[in-house]
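Participant: Residue strings, one per chain:
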Amino acid sequence: MNREAYEAVIGLEVHTHLLTRSKLFCGCSTTFGAGPNENVCPVCMGMPGVLPVLNRRAVELAIRTGLAAHCAIAPYSIFDRKSYFYPDLPKGYQISQYETPICKGGYIDLPATENGEPRRIRLTRIHIEEDAGKNIHGENASLVDFNRSGVPLIEIVSEPDLRSAEDAGAYLRQLRAILRYVDASDGKMEEGSFRCDCNVSIRKRGAKEYGVRSEIKNLNSFRFVEDAIDYEVGRQIEIVEGGGKVAQETLLWDPARKETRPMRSKEYANDYRYFPEPDLPPLIVPAEMEEKVRASMPELPADRKTRYVRELGLTEYEADVLIADRDVADYFEATLPALKNRKSAANWVMTEVLRVARDSGESFVEAVPPAAEVGALLRMVEGQKISLNAAKTAFAAMVKSGKGAEATIAALGLAQVSDESAIAAACDKVLAAEPEKVAEYRAGRDKLFGFFVGAVMKAMGGKANPKVINDILRAKLTG
Amino acid sequence: MAGTKITLEQVRHVARLARLEWSPEQEERLRADMDEMLAYVDKLNELDTKEVAPTTQVGEAGMPMRDDEVTNRPAAEAMLANAPSSERGYFKVPKIIE
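These protein sequences, in sequence, are chains G and C.
Numbers 1 to 479, taken from my numbering, label the letters of the first sequence in order.
Numbers 1 to 98, taken from my numbering, label the letters of the second sequence in order.
Honestly, I wouldn't trust all of these hints.
[To be verified] Straight-line C-alpha distance at most 20 Å; calculated SDA-like pairs for lysine to any residue:
| no. | chain 1 | residue 1 | chain 2 | residue 2 |
| --- | --- | --- | --- | --- |
| 1 | G | LYS343 | G | ALA324 |
| 2 | G | LYS82 | C | ARG16 |
| 3 | C | LYS95 | G | ALA324 |
| 4 | G | LYS340 | G | LYS385 |
| 5 | G | LYS82 | G | PRO282 |
| 6 | C | LYS92 | G | SER142 |
| 7 | G | LYS82 | C | ALA18 |
| 8 | C | LYS5 | C | MET37 |
| 9 | C | LYS95 | G | PRO282 |
| 10 | G | LYS82 | C | GLU27 |
| 11 | G | LYS204 | G | ASN140 |
| 12 | G | LYS134 | C | SER86 |
| 13 | G | LYS91 | C | ALA15 |
| 14 | G | LYS392 | G | ALA433 |
| 15 | G | LYS82 | C | VAL14 |
| 16 | G | LYS91 | C | SER86 |
| 17 | C | LYS92 | G | ALA34 |
| 18 | C | LYS5 | C | ASP42 |
| 19 | G | LYS258 | G | ALA324 |
Quick caveat, the hints were computed from the structure, so don't treat them as lab data.
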């Protein structure tokens, strides 16, 4: 199979829950993990005679996302009914937006990688809609929980600008970072608050027209998205190479068997008979509302990166690692007060702190010691009160004990000795014990200097300030 | 011209989408009804609306919105009270085959 002769064309549709307290059209809680059907009411259960009332915060969060992704905000949009029958959809239709999404166009920039230049992925649209309930399939019956019914979602639709599984992964990571920066979503895939449909087709490299695409539904991890696209691209190339034609169909990814398979149950579901929702007036976003949201926007990842490079002197790579997660970037900045060396703080967060977070399996914020304590530790290194190695030892202890930097340094006796008379005494002892080496050094064997420093450090139990040792030894040996 | 717009196949397609089953007589009656409806819409199409924006709602004052506050208390039992079948707090439905 000649994979190189083909190019994949991929577009993604991402559904993400908006971080609101209440549902899109009623005052039910959106809390994850409640008991079955606890957070439901006649509105989100689709009882006769109820009317939806739109949640303002959901609209604001959709606008925030749109502004962050450089979309045009529609001053006038309407909601539509998307009709299909499924037990998790109590009204028999989902309130969504069809021809008039609240955000149009826009783009997301992907950072440069080892394999390529920075890329711009265009967006088609972002629209607001409500989520459906959740089915649990049993042996003889299915059970339905409507807690999720009516939870606000936005769907973010990209143009078919992605060319590989790797591209798709990079796009999703960038998109999730933006959603978290603007507080629109927590991006928790394991709680189903971030789900993805992939449209995949292939064409001969250099061809202009698109091939027939298949749609892989409902992927809920970055890994699955990448695996499913890789598999599907290979499958389509095999079909075409074998003289066949790719069928336009809806597929499901089977993560256990690592293959896509056609979805049977919703075969008639593609006829959604959209029409304007008669229960909701048009959604009008006046210029003042857009401006108010714009004024409340936080610094976005791209701006933060520029600031880190220009003002803090970090490399592009260092900035990329730090901004990828808003929690990490905020943490880094919280270590900075009263520190001169920003780069050492960046390195510390990228290596020591991120390692702890990775190894713990907990969320970043839960796993790591408070940023202020790490800042205090780094200030002690800068003030030569402790060595860098001592700081690492102290940090590991702080992760375990939860104690502060000062207390840990004191408890472990890690403070560096800068007392010149103590160090001078140790130097005298070492020099007195090694008269031959002293003579060799004075005769020109400069390399021996390191030996003397090591011997003094050893005599001081590793806690002496190396700079002070250097100065005193040099004075004594040349004097 | 009534009687030529809607086919029986289309009637069956719409019925299938709505999970409804009709007898052949009912299908024919529905086909005729739907034909008449379309004929009526054709009558409306005689108006030139090229310069008129589509109206989806007559009240164009805009959308009233609510603040993002939780105002409902959990009432799972009341919500399940009218369910034909339930189990451990869930609505129970015939097995869904994926």
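Participant: If a hint holds in the structure, say so; if it does not, say that too.
Facilitator: Status of each hint after checking the structure:
no.	hint	verdict
1	G:LYS343 - G:ALA324	holds, 17 Å
2	G:LYS82 - C:ARG16	holds, 16 Å
3	C:LYS95 - G:ALA324	violated, 43 Å
4	G:LYS340 - G:LYS385	holds, 15 Å
5	G:LYS82 - G:PRO282	holds, 17 Å
6	C:LYS92 - G:SER142	holds, 6 Å
7	G:LYS82 - C:ALA18	holds, 13 Å
8	C:LYS5 - C:MET37	holds, 10 Å
9	C:LYS95 - G:PRO282	violated, 38 Å
10	G:LYS82 - C:GLU27	violated, 25 Å
11	G:LYS204 - G:ASN140	violated, 47 Å
12	G:LYS134 - C:SER86	holds, 15 Å
13	G:LYS91 - C:ALA15	holds, 18 Å
14	G:LYS392 - G:ALA433	violated, 33 Å
15	G:LYS82 - C:VAL14	holds, 15 Å
16	G:LYS91 - C:SER86	holds, 18 Å
17	C:LYS92 - G:ALA34	holds, 18 Å
18	C:LYS5 - C:ASP42	holds, 11 Å
19	G:LYS258 - G:ALA324	violated, 29 Å
The structure shown violates the earlier hints numbered 3, 9, 10, 11, 14, 19.
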